Amino acid sequence: MNNLTGERLFGFRHAFDDPVTVALSLAIVAVLLLAPVVILAVTRAAKLSAERTKELWDRYRSWIWLAMSILLPILAGAFWTILAVAVLSFLCYREYARITGLFRERTISAMVVIGILLTTFSVLDNWYRFFLALFPLTVGLIASGGLIADQPKGYIQRVGLGVFGYALFGCALGHLGYIANDWNYRPILLLMIWAVELNDIFAYVCGHLFGRRKFVPSTSPNKTIGGALGALVLTTPLVAWVAHFIWAGTALDSAIRLIGLGIIISVVGQFGDLMLSSIKRDLGLKDTAKVIPGHGGLLDRFDSLILVAPAVFHYVGYFVGFAAGQEQRIFSGP
Amino acid sequence: MEPWHLQPAHDTGLSPAERLRSVRRESGLLESLTHHFCFSLLRIYFAIAHRLTIMGRENLPAHGPFVLAANHCSHLDALALGAALTPRHRERAFPIAAGDVFFQSNVTSTFSAIMLNALPMWRKNCGSHALADLRQKLREEKSIFIIFPEGGRSRDGSMKPFKHGLGMLVAQTNVPVVPCGLTGVFEALPPDRNLPRPVAIKLVIGDALEFASTANDRTGWSQIAASVESSVRTLVAQSGTA
Numbered sequence: 001m002n003n004l005t006g007e008r009l010f011g012f013r014h015a016f017d018d019p020v021t022v023a024l025s026l027a028i029v030a031v032l033l034l035a036p037v038v039i040l041a042v043t044r045a046a047k048l049s050a051e052r053t054k055e056l057w058d059r060y061r062s063w064i065w066l067a068m069s070i071l072l073p074i075l076a077g078a079f080w081t082i083l084a085v086a087v088l089s090f091l092c093y094r095e096y097a098r099i100t101g102l103f104r105e106r107t108i109s110a111m112v113v114i115g116i117l118l119t120t121f122s123v124l125d126n127w128y129r130f131f132l133a134l135f136p137l138t139v140g141l142i143a144s145g146g147l148i149a150d151q152p153k154g155y156i157q158r159v160g161l162g163v164f165g166y167a168l169f170g171c172a173l174g175h176l177g178y179i180a181n182d183w184n185y186r187p188i189l190l191l192m193i194w195a196v197e198l199n200d201i202f203a204y205v206c207g208h209l210f211g212r213r214k215f216v217p218s219t220s221p222n223k224t225i226g227g228a229l230g231a232l233v234l235t236t237p238l239v240a241w242v243a244h245f246i247w248a249g250t251a252l253d254s255a256i257r258l259i260g261l262g263i264i265i266s267v268v269g270q271f272g273d274l275m276l277s278s279i280k281r282d283l284g285l286k287d288t289a290k291v292i293p294g295h296g297g298l299l300d301r302f303d304s305l306i307l308v309a310p311a312v313f314h315y316v317g318y319f320v321g322f323a324a325g326q327e328q329r330i331f332s333g334p
Numbered sequence: 335m336e337p338w339h340l341q342p343a344h345d346t347g348l349s350p351a352e353r354l355r356s357v358r359r360e361s362g363l364l365e366s367l368t369h370h371f372c373f374s375l376l377r378i379y380f381a382i383a384h385r386l387t388i389m390g391r392e393n394l395p396a397h398g399p400f401v402l403a404a405n406h407c408s409h410l411d412a413l414a415l416g417a418a419l420t421p422r423h424r425e426r427a428f429p430i431a432a433g434d435v436f437f438q439s440n441v442t443s444t445f446s447a448i449m450l451n452a453l454p455m456w457r458k459n460c461g462s463h464a465l466a467d468l469r470q471k472l473r474e475e476k477s478i479f480i481i482f483p484e485g486g487r488s489r490d491g492s493m494k495p496f497k498h499g500l501g502m503l504v505a506q507t508n509v510p511v512v513p514c515g516l517t518g519v520f521e522a523l524p525p526d527r528n529l530p531r532p533v534a535i536k537l538v539i540g541d542a543l544e545f546a547s548t549a550n551d552r553t554g555w556s557q558i559a560a561s562v563e564s565s566v567r568t569l570v571a572q573s574g575t576a
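As you go down the protein sequences, you meet chains P and R in turn. Position one of the first sequence corresponds to residue 1 (my numbering), numbered consecutively onward. Position one of the second sequence corresponds to residue 335 (my numbering), numbered consecutively onward.
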């Protein structure tokens with residue numbers, strides 16, 4: 001491991017090297033400090049019921065924990081970021097396996113877990129070819145593991161669920177971790193998380209203000225076309241503006257390309273949200289779990305990010321690339 | 335074999351603390367590995383410290399659902415019965431433990447649920463619904479219950495009469511009840527001691543009993559309790575003399 005890699009993985013002294021990181025981190029702290037004032041004002045003015053008020057405070061308290069567990073690993077270093085993404089992958093897969101019943105298929109579940117572990121290793125190792133190879137290899141592992149039970153009835157469903165689980169939580173979320181192989185990963189990840197959360201909020205607010213026509217009423221009855229378009233119109237320029245500072249002077253730094261990035265985050269983020277709604281509706285559930293008070297499950301919170309991660313990774317990768325000048329195959333290399 | 339159903343875990347929607355105390359709890363991959371690991375360690379412990387001998391292992395059905403019913407003298411009993419099961423059985427084996435002892439705080443609940451895969455039975459105000467839930471779990475999930483129908487540990491080593499809760503679980507079903515007799519456990523860990531003594535423990539497993547034609551009412555439950563109790567008494571006497 002060379003010096004540069006050590007600094008990237010563990011160099012918390014570089015946490016605030018990029019001004020965009022400082023701005024986005026301060027914005028998180030500011031929102032968390034201002035939120036109690038807003039909640040107090042709203043509950044007083046709108047005379048909310050005790051139950052609604054408690055739910056708002058529950059949500060707020062959960063957000064403090066969530067924000068800290070997102071912000072601190074990102075600031076601390078790439079190693080901690082990749083570790084945090086791996087933990088997120090496992091917890092999301094666990095929720096998914098429990099709501100679909102796939103957890104009862106021990107062999108298939110074990111293969112998905114092995115796939116997520118190997119993906120985390122390939123990310124930490126900055127071994128892109130292995131990272132790419134792992135998708136087909138894990139599919140093979142799951143399809144072979146599914147044979148052990150010698151139970152052809154339902155084989156397609158069980159293996160299909162396993163592959164879908166690995167695709168979403170191992171492969172797609174793994175891209176979020178892979179971004180940390182870039183020297184300047186901090187502002188990129190913070191921008192993605194900020195954009196996806198704001199996109200959700202914009203869709204909610206615009207939906208209330210202008211939403212008349214339902215979007216996909218059978219999947220998610222509260223989503224409206226007004227809300228979806230409102231989120232697109234508000235998120236896109238915001239992303240383009242912040243991204244301009246992150247990728248200043250690179251091939252991505254043109255108005256059209258930056259706007260393209262904004263559109264991708266907004267549209268794909270909303271599809272991720274709808275995807276989870278569809279999964280839940282198929283199973284007849286409201287929430288995926290009851291682990292975060294006021295939110296439901298981790299999947300309910302991170303659904304939008306799952307599809308955004310690979311989309312942003314490959315869009316940015318196409319123009320600029322990731323991990324330029326970084327050591328490859330840190331641990332496995334010759 | 336069974337077809338595939340998209341069926342969420344029965345404990346979906348419970349908070350982590352509620353889930354540990356719920357009889358609807360289903361273990362995941364990691365929890366399942368933890369039970370296996372703990373029971374493997376216990377197996378080694380019983381072999382070395384208590385020279386555990388098991389007679390009549392061939393009487394255990396090949397797979398669940400079934401109920402192991404034994405006499406109860408010490409906290410070692412459930413562990414000894416768990417250690418006697420094969421790894422294939424352990425996946426679905428649930429010791430039924432006193433809620434007021436093993437599931438009072440979050441720490442003890444975590445230990446009982448994660449390490450031992452225990453399910454709580456609340457002795458004071460357990461309604462019939464708690465037993466109905468267990469009865470359903472037994473058949474739906476092909477579970478194996480480890481039960482002590484005396485309803486508590488014996489204070490002097492002699493067996494107390496069996497309660498009829500056992501009957502409520504199995505009356506009018508094909509679920510076999512396997513009577514077990516344990517000896518040496520009272521000497522190894524009497525209620526007034528905290529740490530076990532290295533005394534030899536013997537476990538005799540008897541022929542499985544079925545109660546498909548016994549009525550699912552108060553008389554039927556009492557009949558079942560009496561029938562299992564007499565089998566267990568015979569086994570205890572047998573293992574004491576063997």
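Please keep in mind that the hints were generated in silico from the structure rather than gathered at the bench. Please read these numbers as outputs of a predicted model, since none were measured by experiment. It cannot be assumed that every hint is accurate.
[Stated by the list, open to error] Restricting the straight-line Cα-Cα distance to at most 30 Å, the calculated cross-link-like pairs of lysine-lysine (BS3-like) are:
#, chain 1, residue 1, chain 2, residue 2
1, P, 286, R, 497
2, P, 286, P, 214
3, R, 494, P, 153
4, P, 54, P, 290
5, P, 290, R, 497
6, R, 497, R, 476
7, P, 214, P, 153
8, P, 47, P, 286
9, P, 47, P, 290
Against the structure, the hints come out as follows:
no.	hint	in the structure
1	P:286 to R:497	violated, 41 Å
2	P:286 to P:214	holds, 19 Å
3	R:494 to P:153	violated, 48 Å
4	P:54 to P:290	holds, 16 Å
5	P:290 to R:497	violated, 37 Å
6	R:497 to R:476	holds, 23 Å
7	P:214 to P:153	violated, 39 Å
8	P:47 to P:286	holds, 27 Å
9	P:47 to P:290	holds, 27 Å
The structure shown violates the earlier hints numbered 1, 3, 5 and 7.
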